[in-house]
Amino acid sequence: MSVLDKVLALRPANAVARLGPGSRLPLLSPSELLRALEGTPAALPCIPVRAKASVPGLLAAARAEDSVLGLACSHPLADRGATERFLATVKAAASEAEHSRPLFLQAGPVRVAKPKPEGLAVQQEAIHRLVDDGFSLVSLDVSKLDAASAVEVVRSLSAPLRERELPLELSLPAPTREWSTPTDMARPLLEGLRKGGVPVRFLRAPAGAFGEEDLDVGLLHLLVELATEFGVSVTVADVGERSLRSLPTLVAAGVRKVDCAGPFERLALAAWPEEARGVVAQKAEATGVPPGELLGLIEEQLPALEPAAREKLEALSFTEATEVLSLLGVSKSGWRSMVWLAEHQGD
358 MSVLDKVLAL RPANAVARLG PGSRLPLLSP SELLRALEGT PAALPCIPVR AKASVPGLLA
418 AARAEDSVLG LACSHPLADR GATERFLATV KAAASEAEHS RPLFLQAGPV RVAKPKPEGL
478 AVQQEAIHRL VDDGFSLVSL DVSKLDAASA VEVVRSLSAP LRERELPLEL SLPAPTREWS
538 TPTDMARPLL EGLRKGGVPV RFLRAPAGAF GEEDLDVGLL HLLVELATEF GVSVTVADVG
598 ERSLRSLPTL VAAGVRKVDC AGPFERLALA AWPEEARGVV AQKAEATGVP PGELLGLIEE
658 QLPALEPAAR EKLEALSFTE ATEVLSLLGV SKSGWRSMVW LAEHQGD
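Residue numbers (our numbering): 358 to 704.
A portion of the hints provided could be inaccurate.
Below 25 Å or equal to it, Euclidean Cα-Cα: the simulated BS3-like pairs (lysine-lysine) are [unchecked claim]:
#1 K363 with K448
#2 K448 with K669
#3 K473 with K552
#4 K448 with K689
#5 K640 with K501
#6 K471 with K501
Each pair of labels, with its calculated beta carbon distance range [unchecked claim]:
#7 A638 with A449: 24 to 34 Å
#8 L361 with S537: 42 to 52 Å
#9 W536 with H578: 11 to 21 Å
Keep in mind the hints are simulated off the structure, nothing from the lab. By construction, the Cβ of each residue, glycine as well, lies at the ideal position given by its N, Cα and C atoms.
Generate the whole structure from the sequences, applying the supplied hints.
Here's what the structure looks like:
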């Protein structure tokens, strides 16, 4: 049995069901990839897909760098077809290129509010749907809830993930005081989840929590140390274009996953003509959602990209992604991770 065959046997059952029996794409759980990279100074890269035409370029970068890669469907509940279109794009691009490097797919972050009793069933059904759609990581944004409310809601919503042994990512809850630090917000959440028997794999904190320009490494270290006590890895999210130089510092501080949208949002927006960008800007102003993020929600409402624009977006996405992968220390991690997983398949 080849290395790839052994790794394919580690794919989550929901991913196999969605990809189909003939697929050879190593769509894995990020938990497996963290096991393979244990002791390596690297963080899992996760890139939110703002324009689907960028996907072939992102996958090509992973192959060129021999790297693991994560792709995120940032708003999977935007409409009933959002996840199907996202997954179809990834599957088609991976199939055409015969992509054989480890990949994980993230749903979210999904914004969670404290629901009324009848609303909880709706949210539970939504999480079940994300699991059935084949995602290997679900990220929940509980930043509008206090820690106690977040624990209560997550305990109910995470049942389908626990049943399938899929990892869960949670954001920091709402601060209790204006001067609350990330560790102040994280501790009651992690303690409550441990008492409630809810396993969490990643704790998501925005890059802005550690300084907009100059990274507060001490504050980040404290959060990483706290999370490690609970067997949780830290994700730093919303990394902007100006913060790319800090990626190696995040890795050195013990961050295990980084969600990096900044440069890819700029490229995605620039792919459309000025008139379409104006529509996005107007809707962004009306909704309060940043233009780059909003593009991922309304892409299908815009005119289709011209072939030349698609090719340019693919090429520029490739260039930016190769730099990000290198800065996160995951270049040459793809095949090495697969060999390790094949050798430790039964662990």
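Each hint, compared with the structure:
no., hint, in the structure
1, K363 with K448, "20 Å, holds"
2, K448 with K669, "21 Å, holds"
3, K473 with K552, "24 Å, holds"
4, K448 with K689, "23 Å, holds"
5, K640 with K501, "23 Å, holds"
6, K471 with K501, "8 Å, holds"
7, A638 with A449: 24 to 34 Å, "30 Å, holds"
8, L361 with S537: 42 to 52 Å, "47 Å, holds"
9, W536 with H578: 11 to 21 Å, "19 Å, holds"
Comparing the model with each earlier hint shows no violations; every hint is respected.
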